[in-house]
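All chains, please: the whole structure from these sequences, using the hints.
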Amino acid sequence: MTAVSDVSSHAIARARWRPAEIAFWVLAASCAFLFPSRYLIMTDILRLALFTLSLDLILGYAGIVSLGHAAFFGVGAYSAGLLALHGIINEPVIALVVAGLVAMVLGFLTSFLVIRGVDLTRLMVTLGIALLLEALAERFSNITGGTDGLQGIEMQPILGLFAFDMFGKTGFFYSLIVLFLLFLLARRIVNSPFGLSLRAIKNNPLRASAIGVPVNRRLIAIYTVAAFYAGIAGALFTQTTALASLDVFSFERSADLMLVLVIGGTGYLYGGLIGAVVFKMLQELFQTITPQYWLFWIGLVLVVMVLIGRERIHRWVLWGPNLIIRQVFGRKAGVAVPESDAP
Amino acid sequence: MTTLFTILFDGVAYGMLLFVLACGLAVTLGLMNFVNLAHGAFAMAGGYICAVLVNNQGWPFFSALPLAFVSAAAIGVALERTLYRHLYTRSHLDQVLFTIGLTFMSVAAVDYIMGSSRIFIKLPAALEGQFDFFGVGIGRYRLMIIVICGLLTVALQLILAKTRFGSRLRAAVDDPRAASGLGINVPQVFAFTFAFGCGLAGLGGALSAEILGLDPYFPLKFMIYFLIVVTVGGSSSITGPFLASLLLGIGDVAGKYYVPKMGPFVIYTIMIVILIWRPNGLFGRAAAR
Amino acid sequence: MTIALETRGLEKSFGGLRVTRDLSLKVEQGARHALIGPNGAGKTTVINLLTGVLKPNAGQILLEGNDITNLAVHKRVLRGLSRTFQINQLYADLTPLETIGLAVSERLGRGGDWWRRMGTRNDVNEEIAETLGRFHLLDVMNEPTATLPYGKQRLLEIAVAIATKPRVLLLDEPAAGVPESERHDILAAVAALPRDVTVLLIEHDMDLVFSFADRISVLVNGAMLVEGPPDEVARDPQVKAVYLGEAADV
Chain A
1 MTAVSDVSSH AIARARWRPA EIAFWVLAAS CAFLFPSRYL IMTDILRLAL FTLSLDLILG
61 YAGIVSLGHA AFFGVGAYSA GLLALHGIIN EPVIALVVAG LVAMVLGFLT SFLVIRGVDL
121 TRLMVTLGIA LLLEALAERF SNITGGTDGL QGIEMQPILG LFAFDMFGKT GFFYSLIVLF
181 LLFLLARRIV NSPFGLSLRA IKNNPLRASA IGVPVNRRLI AIYTVAAFYA GIAGALFTQT
241 TALASLDVFS FERSADLMLV LVIGGTGYLY GGLIGAVVFK MLQELFQTIT PQYWLFWIGL
301 VLVVMVLIGR ERIHRWVLWG PNLIIRQVFG RKAGVAVPES DAP
Chain B
1 MTTLFTILFD GVAYGMLLFV LACGLAVTLG LMNFVNLAHG AFAMAGGYIC AVLVNNQGWP
61 FFSALPLAFV SAAAIGVALE RTLYRHLYTR SHLDQVLFTI GLTFMSVAAV DYIMGSSRIF
121 IKLPAALEGQ FDFFGVGIGR YRLMIIVICG LLTVALQLIL AKTRFGSRLR AAVDDPRAAS
181 GLGINVPQVF AFTFAFGCGL AGLGGALSAE ILGLDPYFPL KFMIYFLIVV TVGGSSSITG
241 PFLASLLLGI GDVAGKYYVP KMGPFVIYTI MIVILIWRPN GLFGRAAAR
Chain C
1 MTIALETRGL EKSFGGLRVT RDLSLKVEQG ARHALIGPNG AGKTTVINLL TGVLKPNAGQ
61 ILLEGNDITN LAVHKRVLRG LSRTFQINQL YADLTPLETI GLAVSERLGR GGDWWRRMGT
121 RNDVNEEIAE TLGRFHLLDV MNEPTATLPY GKQRLLEIAV AIATKPRVLL LDEPAAGVPE
181 SERHDILAAV AALPRDVTVL LIEHDMDLVF SFADRISVLV NGAMLVEGPP DEVARDPQVK
241 AVYLGEAADV
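Residue numbers (the UniProt record's numbering), protein chains in the order written: chain A, 1 to 343; chain B, 1 to 289; chain C, 1 to 250.
Just so you know, not all the hints are guaranteed correct.
[Unchecked claim] Looking from chain A toward chain C, a few residues come up when the C-beta cut is under 8 Å (computed):
hint	residue
1	A11
2	I189
3	P193
4	N203
5	N204
6	V213
7	A242
8	V304
9	I308
10	G309
[Unchecked claim] To spell it out: a stretch of chain C is covered by chain A in this simulated footprint if at least three of its residues, at any positions, have a beta carbon under 8 Å from a beta carbon of chain A; those stretches are:
hint	region
11	87 to 98
12	102 to 111
13	136 to 144
[Said to hold, decoys possible] Here are some, though not all, of the chain B residues that point toward chain A, as calculated from beta-carbon distances under 10 Å:
hint	residue
14	V35
15	L83
16	S91
17	H92
18	Q95
19	T99
20	G101
21	T103
22	D111
23	M114
None of these hints come from the bench; they were simulated from the model.
Backbone N, C-alpha and C define an ideal beta-carbon position, used for all residues, glycine too.
Now the structure itself:
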């Protein structure tokens, strides 16, 4: 029957790789060879991109606004740090996964608080959990090193083969591979029936449940997955910098994260990756002007973005690239357009 | 036994202060369903203006307090008319982003102008120290806070219950659409309430310099407290936020006294327990908005 | 006859206002039952109670003899009680294909599959194609719902409900706001619903009710006024009074 094959091909089309996407990843990988002196900042961008991808999963796809996503980043960071410091798990990849799982457990437990209530309650709960963890880390400074952070972390070679070097080359490739693998997984998740139900929930939870979607269970699931991603991002931070201090939990980190995501656009996965690049460039720019008042500029960018309208800005920015894509690949080629953020 | 009373007294003072700081937020949230995370910035503005007037210009403390109210309200009205009103119909995410942006800007601006260290406001001698009341140590400053905030609360309650504006406001909070159908100018009511709420926050900021500490990070540090007051108290009346503030104040003071090492956890634990028990807040409406 | 859907002594109050009063309703298996009433009679509240959006203060709801009073919204759907929405609540940026796909996936218990792309299961695809075909939506299946003509959107509304394979379907004013030219499609779709699906039609439009229903319940002020076959209800003086009274207001 032709209708069935039509349905199938249209349904799969959304998940098909577009030329622009492939170009994006080729470009990302080639950065390693284009800027060999800038591994550290590029690794920083990759970590931030992964962390933002995590927020995109809950904010862009499920519509959960979080003011405390740093909670999971911090738990991942400290877990990885403690595992390495005390020699519990020496192999970085296993430690990375374990740290992610620890954050995931926390995400699962706290998701029950987050799914209840309205946006305002969610804001308070997410912010409260991050503050609580920060206070805990300060209180148990004998374990966490308090304000000084964990000192003397020494990383073992990845898989016993690739030692971390002082230029950050290993760290960069390690982070890039982790980001790419987790991106593939996220891409699969959002194009699955599960991902479709998330988009429906974000649009109208009541309507979704009237179609038979178990709304709470889906939200718990994606929140838990996002916590895993954030935990991995935090663990990567510790592993590639050999640092973990209290500011991994800070509110500024959670707020910056939202800025990164809205710069890049929500709900199409690449927002976090593009946002991370733009954000770091902005940071470099502003920090050369007024290093200690960086906060002011972040604030200004947020205010201006909202006042002009996030979608409008994205349309302006994407106008050029989309024009090129259309010229090169023809009119039908998939263009990169972030989904609208209508509530 | 007397320590218990002292804790209760300090807690009530703290709670009432929180109420004055946060009640404006409760009303704007209830009225326009607008999430204003920059509320603390107005409090900080009031506090710093009061500090400059008293410390640098030599104003008496009690004449600087009304000015803290007026100037915070004026800033509130200016921002409401120019910026906030464009965002009422936008998503909560936009509102959150925008008001966090404003908060960050205010933090950095105050840091730039006034420096990053904590400031103190010179108090008149009459407000310093404490006196003994049947063995309970009563801080003069805290007593003044309870008196001022208590009077304000009573006045607010009377305004809401007895005046024409109060009934319009209640109608608008209850159902903005129906209220505008009845010929109530909801945007005007809102602008006025917003300014008044900012003014109260400014006053609260001036009063809190002594107790909570006033530095450029004030709006960020106390953001969670304001959110707790509003979510736990609900936004359908001012009684809810008032009781929530008292609970928060007493809980925080008692926690810091009895389990000093666990200080902040007491509050967060209370908050989490309440939310598991009543997701829409202790005194919130059943219907989610 | 077996009873498909039943309420016993249903009560709902908001504040001091009793919106649903001691409502007992029996809908027979395979019936074309209509629930009518003037504006403000509490029809919407009844739907919300039946579907689980609201919890009653007292009383029971039974679906095919099983108590579902305390079941969550989505569980009632999986048990076979679906509804359509009166005001357009379709997903504006999802396509009809995705909307139906969502409903079918959930019903087959595949909605939680996160490792599989949409469109790779044949049983799901076949059902989507079948449903889209039945409601004349195949040609627009890949268009965002928001861009469809209003009549198509109303059809999609019914199609989604049908895709959940309900045994009892609550139709909430299916033709509301549809232009005269597209009205026929809706009426035909409603008339063509399979006979084994029990339908409870909540409607304002008397023409539609009398052409479709074989039994009518009249709701006034949250309480049942009259129940019976259409001709009996049409002759009832109380019903006439209510509707004439309302007509006089208009």
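The hints, checked one at a time:
1. A11: OK, holds: A11(A) within 8 Å of chain C, min 3 Å.
2. I189: The hint holds - I189(A) has a Cβ within 8 Å of chain C, the shortest such distance being about 5 Å.
3. P193: holds, 4 Å
4. N203: Since the shortest Cβ distance to chain C is 5 Å, the answer is holds.
5. N204: Holds, about 6 Å.
6. V213: holds, 6 Å
7. A242: Violated: closest Cβ of chain C sits about 34 Å from A242(A), beyond 8 Å.
8. V304: violated, 26 Å
9. I308: violated, 22 Å
10. G309: violated, 17 Å
11. 87 to 98: It holds, with 9 qualifying residues against the three required.
12. 102 to 111: n = 7 at 8 Å, threshold three: holds.
13. 136 to 144: holds (count 3)
14. V35: holds, 6 Å
15. L83: Nearest chain A Cβ about 7 Å off; hint holds.
16. S91: Since chain A brings a Cβ to about 4 Å from S91(B), closer than 10 Å, the hint holds.
17. H92: It holds, given that the least Cβ distance between H92(B) and chain A is near 4 Å, below 10 Å.
18. Q95: With a minimum Cβ separation of about 8 Å from chain A (threshold 10 Å), the hint on Q95(B) holds.
19. T99: holds, 9 Å
20. G101: Holds: closest Cβ of chain A sits about 3 Å from G101(B), inside 10 Å.
21. T103: With a closest approach of 7 Å, the T103(B) hint holds.
22. D111: holds, 7 Å
23. M114: Nearest chain A Cβ about 13 Å off; hint violated.
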